[in-house]
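A.B. asks: Residue strings, one per chain:
Protein chains: 4
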Amino acid sequence: MFPLLDLLRRGALHRTRVEAFSDGVFAIVVTLLILEVRVPHLEHGTVAELKHGLHEVVPKVLSWAISFIVVCKFWINHSYIFSLARHSSYALMWINALFLMAQAFIPFPTALLGEYPYNPLAVSFFGVVLLVNTLLFVWMHYYINAYLLHAHMHRVSRRTLLSRSMVGPACYALGAGLAWVSVWAAFAVYLLTPLFFIVPLQPDHGLAVAEGLLEEPSTTPKPYPGHSSVSV
Amino acid sequence: MFPLLDLLRRGALHRTRVEAFSDGVFAIVVTLLILEVRVPHLEHGTVAELKHGLHEVVPKVLSWAISFIVVCKFWINHSYIFSLARHSSYALMWINALFLMAQAFIPFPTALLGEYPYNPLAVSFFGVVLLVNTLLFVWMHYYINAYLLHAHMHRVSRRTLLSRSMVGPACYALGAGLAWVSVWAAFAVYLLTPLFFIVPLQPDHGLAVAEGLLEEPSTTPKPYPGHSSVSV
Amino acid sequence: MFPLLDLLRRGALHRTRVEAFSDGVFAIVVTLLILEVRVPHLEHGTVAELKHGLHEVVPKVLSWAISFIVVCKFWINHSYIFSLARHSSYALMWINALFLMAQAFIPFPTALLGEYPYNPLAVSFFGVVLLVNTLLFVWMHYYINAYLLHAHMHRVSRRTLLSRSMVGPACYALGAGLAWVSVWAAFAVYLLTPLFFIVPLQPDHGLAVAEGLLEEPSTTPKPYPGHSSVSV
Amino acid sequence: MFPLLDLLRRGALHRTRVEAFSDGVFAIVVTLLILEVRVPHLEHGTVAELKHGLHEVVPKVLSWAISFIVVCKFWINHSYIFSLARHSSYALMWINALFLMAQAFIPFPTALLGEYPYNPLAVSFFGVVLLVNTLLFVWMHYYINAYLLHAHMHRVSRRTLLSRSMVGPACYALGAGLAWVSVWAAFAVYLLTPLFFIVPLQPDHGLAVAEGLLEEPSTTPKPYPGHSSVSV
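Residue numbers (our numbering), protein chains in the order written: chain A, 1 to 232; chain B, 1001 to 1232; chain C, 2001 to 2232; chain D, 3001 to 3232.
The reader is advised that the hints may include incorrect statements.
[To be verified] Computed footprint of chain B on chain A; a stretch qualifies when at least three of its residues, placed anywhere within it, have a C-beta under 8 Å from a C-beta of chain B:
id, stretch
1, 21-31
2, 41-52
[Stated by the list, open to error] Cβ pair distances, simulated, as ranges:
id, chain 1, residue 1, chain 2, residue 2, range
3, D, A3170, A, H41, 43 to 49 Å
4, C, H2014, D, W3139, 39 to 45 Å
5, B, E1056, D, W3139, 29 to 35 Å
6, A, S182, C, H2055, 24 to 30 Å
7, A, W139, D, T3160, 56 to 62 Å
If you're looking for bench data, these hints aren't it; they were derived computationally from the structure.
All residues carry an ideal CB built from backbone N, CA and C; glycine is no exception.
Given these sequences and hints, build the entire structure.
C.D. replies: Structure (structure tokens):
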């Protein structure tokens, strides 16, 4: 299916450094976003003036908050799918690099959204960027599931994984389209999409947790990560 | 008490990546703050002019220094409470994400404080942000203590933990209120609050240190982390 | 050959912190680059105006994307050569520091390229910076191969390593020269150089993977990292 | 000597997170510095104009390069002294926090130096900041040597450690003073100070390397880190 990737499939590297590099990128992306929220310039420095200045900053804070939650959601799911992999290959490193590139791009559409929250192009662009991020994430999940799964884990069928994983991309595509009708409808879709998938799905495909994670009997009856297909 | 969180309580993930991601965010928050301290623009570049320019920068340096200490305090206590957890769950990851979001927001009120140090709204806003940070931290501590504690550690009673942990939030709330009377009184409260709790409380609730930390007999008689309830 | 380095060759430090520090620098370099892509300023905030503004931002996004891929390529190869080292010495830490300094410089020529994509000096400067980065990387690879190789790994002959490693520098030097004839020719060379070496070379020199990486029988017949000389 | 610190001496925490947090701060400080080197604004975008613009940027690049080397030097020595500690205490975490605060401040005097390289106050200020950094580092080294040393390591006598460690601070103090006579003399001192100590001193006090670092017989006769007192 991906001939170039078959060549890249070589290599058996510890996951340590891919995870450290990724965690670094996630942490920076999430924190850089606040730089867009600038201190308002005041003429006289009165309380009334500052109150007005803070009001104007609200859309930027909101778009920052949405992006923060979205990137954290990606990060949590990234931790999950990497915990399924027995090691990293060069192909995984490159797919991950492309995914991180898409993550690192998020501050730009976020700043755009904070600056022009009623412009349909800005709102739609935000959805398209999240769509691309989600597709790259699904590709990575698909790749790990197909080639790098720990031996003691159940492989999810490709059809199941892809059909489940496409809920997220479909939502973002819908939002990007709706933006041209109503920016408010698009905002609602963007906000609801991550909320919908914040609770992991039932572990009905039996993807077991990586060995050694459970140090002692857990107090919860079902200690598995739970989502066999991660929707983002 | 938190029905959604009961669902999220699943998952048993190594603490490694949550800690790495958090350390990254802390490190960036703490370092980004210096970006607000800008090089003064000089007309002729004389020593007298630069001396004047550096004087004007002092409030920004001070607000940066306060925030640096405050964030380091949170980081140290974050290390402590995570060392109590036997593993991470999805709920902990999300509470942690919200807490890190509040941490990542700190550069904004800090810059505001450095720009308008005599504006009561700016001073009060700084206190409110620290209040929110502390409440999220207490929530996280409460959650770990209730659900994720290592088996060999003594669980602190909820009442004890909450009553002790509320000293910090109460102080920041007081400071945020006092700002409207006198910004100097608020500054004093903000400065004294972390100093008050810099020394860990007596280990009277017997929370033991995570196994394996003490490699050899320590020269100090009481090698325990000491604070059963972390006040921030 | 390097008398000062012979003194520096002392020290036997875990690779952990060198790798963590390097991963941090790589992650920041890669993410900082997006800060150059600024939100366009619009007069009326119309869709047509924003579309025009986004068009103008395209060269910056492209130069960011090229640099992102280039730095990821360096990062992947950095992971590879460090996995060959049994430990770190002070010399390796200093060569690595110089290399990271050159990596940290990349955002500047990238921003220059995004601002003045048709200026031959800007295009040539970009190639020279990548040339210096590649030479420092080859030095580091050479050093690890000569002095710090794991005992169970085959040492590549110096001649082989250097002759193979010089393909990358030669390409960037060519691109930097071609920029004065045609910026498009230079862009083509810059783009093709990493693509050429994205697939690891045959493992004909038998550099084995670091022990312990392969936890279980791999499904691929040749599980070795594969490139005995890493071209960048 | 430090009564408050005696209370803080409790706690026995893994070094992992202190090191991760510190590595993050070091990596960001070192990379942030390049942000001060801005793309020159050109009227017509000609090669001659860009060449002129690049010339003007040279002092900023130089001050960035000096700071990069200085911070890397601190980082390498930080790795060294932390490898001597058997664990971290709250006191060490706080001393380290103050040290990192001083490190995080370095971008400001660096930017100042790059903007006003001939202003004696800017040049002297740079030296004072490095002086403070070095003193905090010596304090941290002193503290680890006195209270947290691995059991199998030789403790250096306080007198020896302090007398040797004071070479660095003395040099920076000299440079900060000389700046008022001649900025060039100060530059020379700033440049020579780290070069002087780049090669570790003889391991005449027998501080052994942390166990487990040497996985196999080294090819070098003296595998010890070598500098019993780290001068910075």
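A.B. asks: Work down the list of hints and note, for each, if the structure agrees.
C.D. replies: Hints, verified against the model:
1. Using a Cβ-Cβ cut-off of 8 Å, 7 residues of the stretch 21-31 of chain A lie near chain B, which meets the minimum of three, so the contact claim holds.
2. Against chain B, the stretch 41-52 of chain A contributes 6 residues with a C-beta closer than 8 Å to a partner C-beta. That satisfies the three-residue criterion, and the hint holds.
3. The supplied range of 43 to 49 Å is met by D:A3170 and A:H41, whose beta-carbon atoms lie about 45 Å from each other.
4. Separation of C:H2014 from D:W3139 is about 25 Å and departs from the stated range, judged on CB atoms against 39 to 45 Å.
5. A beta carbon spacing of about 31 Å between B:E1056 and D:W3139 agrees with the range 29 to 35 Å that was offered as a hint.
6. For the pair A:S182 and C:H2055, the beta carbons lie near 26 Å from each other, so the given range of 24 to 30 Å is met.
7. For the pair A:W139 and D:T3160, the beta carbons lie near 59 Å from each other, so the given range of 56 to 62 Å is met.
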